[in-house]
Amino acid sequence: MPQDDPMAGFARLLPGLKADRRTAAADLDVLAGKIEAAKSEGRKAEGGEAGVLAARPQDAFSVLAMAGIGPAADLRGLAPSRVAGPFIDLDGRRLFVDVFEAGKLTPITPKGQAAPLMLVSGGSARRTRDQVSIGIAAGTVWIAAGLFSNKAPADGWAGLPVRRGTARFAAAAASGTAIAAPPKGEIVLELGYAPDPANTCPDAAITAPAKLTITIDGGKATVALDGGEARFGGTAHTVAPTEKVMWNAAENGLWFPADIKPEAIDAAGIDWRVASFDAGFRIARGGWLIPVVVNAAPQTLPQASTSGHWCFALKGDPRVGWVGLDGRVRITDPTLLIGQGIFMLVDRNAAADPGAVTRFDLWALGAGIAGRQSVTATLAAAGAVVIGCAGAGRHFAMAEARMAERLACPRDHAGRPVTTRPVTAMVMIAEEAGRLQADLIATGFAGDPPGSLRLVVENAVLATGLPALYRVSGTVDADGVIRAGTLDLVFGLLNWLPTLPDPYVSSCAGGLPLPQAAAAASGG
1 MPQDDPMAGF
11 ARLLPGLKAD
21 RRTAAADLDV
31 LAGKIEAAKS
41 EGRKAEGGEA
51 GVLAARPQDA
61 FSVLAMAGIG
71 PAADLRGLAP
81 SRVAGPFIDL
91 DGRRLFVDVF
101 EAGKLTPITP
111 KGQAAPLMLV
121 SGGSARRTRD
131 QVSIGIAAGT
141 VWIAAGLFSN
151 KAPADGWAGL
161 PVRRGTARFA
171 AAAASGTAIA
181 APPKGEIVLE
191 LGYAPDPANT
201 CPDAAITAPA
211 KLTITIDGGK
221 ATVALDGGEA
231 RFGGTAHTVA
241 PTEKVMWNAA
251 ENGLWFPADI
261 KPEAIDAAGI
271 DWRVASFDAG
281 FRIARGGWLI
291 PVVVNAAPQT
301 LPQASTSGHW
311 CFALKGDPRV
321 GWVGLDGRVR
331 ITDPTLLIGQ
341 GIFMLVDRNA
351 AADPGAVTRF
361 DLWALGAGIA
371 GRQSVTATLA
381 AAGAVVIGCA
391 GAGRHFAMAE
401 ARMAERLACP
411 RDHAGRPVTT
421 RPVTAMVMIA
431 EEAGRLQADL
441 IATGFAGDPP
451 GSLRLVVENA
461 VLATGLPALY
471 RVSGTVDADG
481 VIRAGTLDLV
491 FGLLNWLPTL
501 PDPYVSSCAG
511 GLPLPQAAAA
521 ASGG
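Per the UniProt record's numbering, the sequence shown starts with residue 1, numbered consecutively.
Worth flagging that the hints you see were computed from the coordinates, not collected in a lab.
Since no wrong hints were added, every one of them can be taken at face value.
Straight line, CA to CA, 16 Å or less: simulated EDC-like cross-link-like pairs of lysine to aspartate or glutamate:
no., residue 1, residue 2
1, K211, E229
2, K244, D226
3, K211, E186
4, K261, E229
5, K220, E186
6, K184, D130
7, K244, D259
8, K111, D130
9, K211, E243
10, K184, D217
Turn these sequences into a full structure, and let the hints guide you.
Printed below as a string of structure tokens:
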């Protein structure tokens, strides 16, 4: 949980919030009601009441702490049950409030331990002198990740969608779902992964595992996961049942390695749409991966989304290019992820050719403005590259880069076009429904070189830091020009320098004497 009490933080924040034109007035009443309920001493959250509230900015690429209560670490990877907003705060920032309902899962806890071993939907228990048998209803099952691997995070949870299941344990001398410690028993789960949606990627499809059996003895688990199938590159790969489980730190999940033949994959034969490869790969190893939610408070797990996908480690080092890229990038021993709605090739240390850049000309700003906007993203010598397909037919290529832009407008005080200072960014080129979209998004400004710039406005000089390009987003035409889109810049205000004696204009940081300000305004 955040260090500050979330309800107390929202009690401070609420009086300054205003609804904008898209906000239902009832949303503010919802927040007020949650806060008032939390003030009732000795009252615990019931089903349908909010257990946690978290504020977030409208821009998903920002990091924002609201009233001292940033996003709770316990909520990472969880899905809110309701989103209230957007609201406008006293500083004019637009934000949403995520509402996480307390929800109900039945904990199965070894006697004498505070943390549950697992949480299940339903959880009707039948007890005898020596055994407790728990029927698991359709829904979700969350199991402590440490049960499978001592390398998994101690506060991690592995989520599984289930159609039904049973859990039988040696009984503790207690009622309900309390079990003996250390736990001993068997869990049998009929898994309920959704079918792979059609048209995610024309060249890939999966069949998810259907059954998982977990045998626990002395607190240690052995598993049996039945097989499935993954098809990509024109070849179907049948996966044999596995009895192993490992912690995969790179993918932050539990990996069930499977017996897969090391067949060759013709990467050039897969329709990547926005990317092209000059060679292929072969399979080194593969298995089913279950992502782990870390730092989640058990009461918030009902809102977490469960997922799973095939994870293949590949061998090979082809070179790849994509729309807008001058040069090529070498992909070495990447990971291929195939699951419900995803098909992604991931290399966290791809090597770009020296000087490889993704460059786009931007829209013209109107008659009388000479020059054209342009944005250049220089790929990292060694950085992350992700290529694949997500959703129904959305193909993309994404890479780390250093990004800067030449602006035809605004101009500096001498009439020169402004060039933004470079920032670290992610470049994503995507195609969906025949349209090509480019998004270049800054991921941080730390360590960027300082600088300054003077812009002329009426009766004053506005002195700012060098602008940083925050985001460029738009549709790419057939000739590689972004003619329709949006551009966001970040200016750090340093000084407002009046050039006329005006009682209604003042400097925000001392400023220059008026004669010097006048000289600055004329370019002196």
